[in-house]
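Peer 1: Chains A and B, in that order, give the protein sequences.
Per my numbering, the first sequence starts with residue 1, numbered consecutively.
Per my numbering, the second sequence starts with residue 1001, numbered consecutively.
If you are wondering where the hints come from, they were derived from the structure by calculation, not from laboratory data.
Quick reminder that beta carbons are idealized off the backbone N, C-alpha and C, glycines included.
The hints are all genuine.
Which chain B residues face chain A? A few, computed with CB under 8 Å, are given here: (1) 1020; (2) 1043; (3) 1049; (4) 1074.
To be clear about the criterion: a stretch of chain B counts as covered by chain A if any three or more of its residues have a C-beta under 8 Å from a C-beta of chain A, and this derived list gives those stretches: (5) 1062-1073; (6) 1077-1088.
Over the 10 Å line for every Cβ pair with chain A, so calculated as not near, a few chain B residues: (7) 1106; (8) 1143; (9) 1162; (10) 1215; (11) 1236; (12) 1248; (13) 1257.
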Amino acid sequence: MLFKMIQLIINGQLHHFDATLSVAQLLESMTLMNKRIAIERNGQIVPRSEFGEQTLVDGDQLEIVIAVGGG
Amino acid sequence: MDTLNISDKAYSSRLLVGTGKYKDLTQTREAIDASGAQIITIAVRRTNIGQSPDEPNLLDLLPPSQYTLLPNTAGCFTADEAIRTLHLARELLDGHSLVKLEVLGDLKTLYPNIVETIKAAKILVKEGFHLMVYTSDDPIVAKQLEDIGCVAIMPLASLIGSGMGILNPWNLQIIINNAKVPVIVDAGVGTASDATISMELGCDGVLMNTAIAAAKNPVLMASAMRKAVRAGREAFLAGRMTKQPYNASPSSPINNIIASSKNKAA
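Work the whole structure out from these sequences, hints included.
Peer 2: So, in structure tokens, the structure goes:
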């Protein structure tokens, strides 16, 4: 039996998923869907409007950021 | 009305504050309110995956509808890192393009890397960002950044977080004299008089974080800073008296002084 597992590097950490998933599905799984975040995928910004459309594949590197206090 | 004008928007407050180093979000909000600041800086950082979804978010407490949020590129050491950070920041704030560019040279001094700053500025201005740029007090660099199209020049008074005040008011004065865009002192302010001196020199504003957050009573210091910037600005607009180092000039009339017991003649 073969199943397609994918590896994503999210904020510098390795994560495994059973199948490819959309950005929106990823955020839902991490309870980040309703938070103010921004995402960079392999060096490119993922616009909010494309969260449902972009499908993550094996080896994708994501940065998911928020605003924090700073000078 | 005397306003701070940055890329077509007028601000009544000339005090800009950072949101870092506070005890908690409540203190952050109280200090910012006491300061009267309208422009506040924020940083962009990775979110913790799997953290409590109910944790209050900075943007909930300091909403973009009430404040002008200025995302910074703190922690960036190359032009590429700063550019990526600002792309993320622009997405985070729904296309907001007024940002603070800082590209640092080393971790110990946090002194700006001018070569990388200029490289980043050229690219970011072309992409439509309105850059308020952290720089050294080198007057030539300040002018170059202005010529590239930065909307405000932000020279350091002294090292970030050092509280050392204005180390080179002469250079700062040269920068102010040469600039056609706002000059905002950023970094090194320690106490109220530092802010007042900046404004007396003719700065358009002062940006500070540690001076308030690391004070023993941050909310009181924020209130002091609000007044300090206001006092310095009014003194500047009032036009100070000339300095006379070698000759006194009495404030009371020199005639009609009563006779002393020695000189009886009028």
